[in-house]
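Peer 1: If you're matching them up, the sequences are chains A, B and C in order. For what it's worth, the working numbering labels the leading residue of the first sequence as 1, then goes sequentially. For what it's worth, the working numbering labels the leading residue of the second sequence as 1, then goes sequentially. For what it's worth, the working numbering labels the leading residue of the third sequence as 1, then goes sequentially.
Read the hints as simulated data drawn from the structure, not as lab findings. Hints may contain errors.
Unchecked claim - Pairs of lysine to aspartate or glutamate residues, derived as EDC-like cross-links and limited to a Cα-Cα distance of at most 16 angstroms, are as follows:
no.	chain 1	residue 1	chain 2	residue 2
1	C	Lys51	C	Glu310
2	A	Lys134	C	Glu227
3	A	Lys159	B	Asp153
4	A	Lys159	B	Glu150
5	B	Lys296	B	Asp232
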Amino acid sequence: MISSFIANPAFLEDIIRILFVFVLITAAFTLSTRNIASLLTVYAVQSLLMVLIAIFLYLIEGNKTLIAIAALTLVSKVLLIPLFINLIGEKIKISRDLKFNYLEPTASLLVSIGLILLAYVFLSGFFSEFILGKLFFMGAVIGLSLTLMGMLVMFSRRKVITKAIGYLTMENGVLLFGIFVADLPFIIEILIVIDLMILVLLTTILAIGLDSTIEEYHQRLQTLKIWSGREN
Amino acid sequence: MIILGYLAMGAIALALIALSKSHRTMNAFFILHTLAFLAIGVYVLLTTAVPIFETGSEYFYVDHLSLYEVLIAALLFFLASVYANGYVESLVQAQELHRNNLKIFYMIFSILLTTVTLAFFSDNLALFWIFAELTTIFSAALVAILSAKENIDAAIKYIFIASGAMLFSFIGLIFLYTLSGEVLGSGTLNWIILAKNAALLSPKILTASFIFLFIGFAAKSGIFPFHTWLPDAHSKAPSAVSAILSGVLLNIGIYGILRMYAIVRQTQAEPMVSKFLLGFGLLTVAVAVLNMLLQKNLKMLIAFSSVEHMGILLLGIGIGTPLALFWTLFYILAHSLTKASLFFSAGILHRQYESNLIQDIKDVFSLQPIAGWGFVIGTFAIVGMPPFPIFSAKFFILLEAFGFSKSLVFAVLLLLVIASAAFARFLIEAFTQSSKDEGTDGMEALLPYTVRGGMKFPILSILFVILALGVFFPEPLEKLLNTIVYELGYM
Amino acid sequence: MNASFLLFTLLNTGFILLVSPLFMSLIKKVKAYAQGRKGPRLLQNYLDLRKLMQKEVVYSPNSSGIMRIAPYLNLAVLLLASLFVPVVFIPDAPAGIGNIIVFLYLLAIERFFTALCGLDAGSSFGGMGSSRLMSLSAVIEPTMVIAFAALAYVLRTVNFHEMFAITAGSTIPESPTLTLISISLFIIIIVETGRIPVDNPATHLELTMMNEAMILEQSGKNLALIELTHAVKQTILMAILINVLVPWGLVTELTFAGLAVSCLYFLLKASLLAGLIGLFESSIAKMRLFRLPSFYMMAFFFSALTILMEVFA
Chain A
1 MISSFIANPA FLEDIIRILF VFVLITAAFT LSTRNIASLL TVYAVQSLLM VLIAIFLYLI
61 EGNKTLIAIA ALTLVSKVLL IPLFINLIGE KIKISRDLKF NYLEPTASLL VSIGLILLAY
121 VFLSGFFSEF ILGKLFFMGA VIGLSLTLMG MLVMFSRRKV ITKAIGYLTM ENGVLLFGIF
181 VADLPFIIEI LIVIDLMILV LLTTILAIGL DSTIEEYHQR LQTLKIWSGR EN
Chain B
1 MIILGYLAMG AIALALIALS KSHRTMNAFF ILHTLAFLAI GVYVLLTTAV PIFETGSEYF
61 YVDHLSLYEV LIAALLFFLA SVYANGYVES LVQAQELHRN NLKIFYMIFS ILLTTVTLAF
121 FSDNLALFWI FAELTTIFSA ALVAILSAKE NIDAAIKYIF IASGAMLFSF IGLIFLYTLS
181 GEVLGSGTLN WIILAKNAAL LSPKILTASF IFLFIGFAAK SGIFPFHTWL PDAHSKAPSA
241 VSAILSGVLL NIGIYGILRM YAIVRQTQAE PMVSKFLLGF GLLTVAVAVL NMLLQKNLKM
301 LIAFSSVEHM GILLLGIGIG TPLALFWTLF YILAHSLTKA SLFFSAGILH RQYESNLIQD
361 IKDVFSLQPI AGWGFVIGTF AIVGMPPFPI FSAKFFILLE AFGFSKSLVF AVLLLLVIAS
421 AAFARFLIEA FTQSSKDEGT DGMEALLPYT VRGGMKFPIL SILFVILALG VFFPEPLEKL
481 LNTIVYELGY M
Chain C
1 MNASFLLFTL LNTGFILLVS PLFMSLIKKV KAYAQGRKGP RLLQNYLDLR KLMQKEVVYS
61 PNSSGIMRIA PYLNLAVLLL ASLFVPVVFI PDAPAGIGNI IVFLYLLAIE RFFTALCGLD
121 AGSSFGGMGS SRLMSLSAVI EPTMVIAFAA LAYVLRTVNF HEMFAITAGS TIPESPTLTL
181 ISISLFIIII VETGRIPVDN PATHLELTMM NEAMILEQSG KNLALIELTH AVKQTILMAI
241 LINVLVPWGL VTELTFAGLA VSCLYFLLKA SLLAGLIGLF ESSIAKMRLF RLPSFYMMAF
301 FFSALTILME VFA
């Protein structure tokens, strides 16, 4: 009975549509939450949704690369990256709450509705040339919207950790866009993940110097007379 | 074979640096690394029949353009490494750089060279993308190595703006892949195949993918409106690194735009894309120049000047005629060298005065004659005065642009005049200050900073080379540039 | 006005009146358990209502006729609104009954008179509560309209009776977008009934009151009616959410067995939803007044998203 469900493509498409809905919900939470811990959880959930979408797409399409992508995403984005950020967070006790936003959640949610519309209009202009199924078109739109919303997070928050999560969300969006529009060879995906890991590594290490309140940084600012507030 | 040679050299150098104990050995190995790359490059240029595919898998491709860029990069790294010998040592002594970080510094510097080389040699756009991202990350690490809060700020801004824009670039990649898949049967991201089949690609989607790709490459090269990271990153980094940032890394973005434009040029999308590039080029020059007028920080002035020159490069690419391309390529070489010399001189001045601001620079010519005069001559060069090479490059590019649109040329000329004025204002204000002007509460006479060995050599040699380039245009170079123009499909 | 509809009126209204206080006390009980206490009995609300009915009504000398009519008026309006939301079976209703716009306005009338009551006695707390509530309602109004519009767009009708008929006919949610809508509807329930994080219904500090402040002056029978009104509003809004998302059990024909089963189903689903509301209240803190619009914005976002998704797919 389950297998007959799984074999039915219309059912699978519906499930993928529900997953799209959840992805957008996670994006909305990323935009409006103020707590760093919940941000990480939301990111992990979002990546998990990506994994599920990849698996269900595999069931529809049968493209083996998708399973590999799902496995890779599971390991790197659902497990490793949140684990790593948590480790760093524990070591230096970054303050839990985000203190400032440039753009209040109200306004960012409104702007993101505009961004989703923009993505839709833009892509529908192009996909008259390509012929994509409705599901794939929706996937492309959601992917592009997720990227734009990630960019919004990156530019409207002050703490570096949230900017990093914004970047990771953008990456998720591009991944979603990629698996629906084209099928890239797997080696590219691996290299992208490696690049992502190094980036997150570097950024979090740098963030230690920025977000925490280590005293020696204040002292260093005194010795490096050059930077001591005489210029902006 | 060639790529393996580069990779092997890179790996050996990295290992040697990792094992070194003293600054001198690390620096020596790094210099050897750059020399090895230079040697391989020249050897390949002179002996093997380029263009050739590499490693049999069509992922790496050596043609004259990539060789040219790699040679420029290796040369600049060589000069920077020689300069770094003295400069980094004095940074360590002034305690701006920790001795523990020295090894990491040199290792990342070495990896950066290898990554840049591999980026230029990539045939596959996705591979190019990955290497370009890696160069962003490594160079940001170099910016942040000084561990001051502003450096980390600048590095993080750099990473996020460049990487975020590169993600949009990736969307452009996906567009291109699907587009080529529709037309050619199976999707491809290789420059060569795309260039060969350019005429078959649908112009509308090609334009869209070009614009997305442009976003990423423009951010990497500091084109408006993605240039906001550039002044901070380039001015706060140590001067040896700034020279590399301005002279090599900005070239990566321009390289990508060049290759893409060579593909677009063969389709009907060219007029619109050309206007697009010209527009952005003009805007970049305008924004950079207007900012230059306000600068009180020496290295920020030089950084904004980099933005300005990138704008002119965009103009050169956008014009699209073979002659414009020829001079754009020459411009890349000239700009990299001249900018490096400026940063090197600025570095010496920074060590002398412990500051980059106008008000702190006094008695330049008596304290640091080489750096002072080097800076003045470098300014003449960078602003485009004859007999320096930037003059000829700008002249011919603008000449070609005249055929396009006269008002564009006049606007650019006006902006260039303002740029020269900005430099002049800074120089006159800074270099004519004397400690005797200060009242009775003036500081004690500044002790001249002893310029260590290796810091003078790069400045002097660059000045000599650009003078020579400006006066005599060497024929091998001309032949090389002509071959590149031919290979890109312009004639 | 056929017999089916008459029967529906009696059954629906009676059922809702009977069941509403139960859900209120269920929510209180869940919150109590979450806080580690046992909480009042489930039937406590009924006993409270009976107690209040037997007490004397005291009117402030400054109050006007509004104080005297408003509780009755409110209950009447809300019971009329309850006709729009079939809870156990879907009748053959005359045109106009079930229209979502009229429904919205009926709720607005109730809110209006409650606010007037708050002002009526001339006490400053009442006025404060009224002004707070009215300003928040002004912000939630467009969100409610959009949420119901999205519902109408997805189910292609503006009549609740038809909507429930459509959803009752399918086994799984008619469209994935209904999941999004349910979130908006959930947020609307929280806002309209003044639960945490919008307003703390159990507060005894006047400065933190919103809804309570307006009914502070009520007593005796009037207070009982107002409490009942509040409970009925809660039940109706919960019923909308339930019948949109999980409509199993809703019947369209009038058979005794069917009715019994559907009543039972409704009780079950509504109890679960009440438990969910209680848990949600216990897990979140009351928001600052000025942060509330961002909370509403989530509902707006999801409703707008629903409409967009329907357009895409």
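Peer 1: Could you run down the list of hints and mark each one as holding or not?
Peer 2: Results for each hint:
1. C:Lys51 with C:Glu310: violated, 50 angstroms
2. A:Lys134 with C:Glu227: Violated - the C-alpha atoms of C:Glu227 and A:Lys134 are around 50 angstroms apart, more than 16 angstroms.
3. A:Lys159 with B:Asp153: holds, 11 angstroms
4. A:Lys159 with B:Glu150: holds, 15 angstroms
5. B:Lys296 with B:Asp232: holds, 13 angstroms
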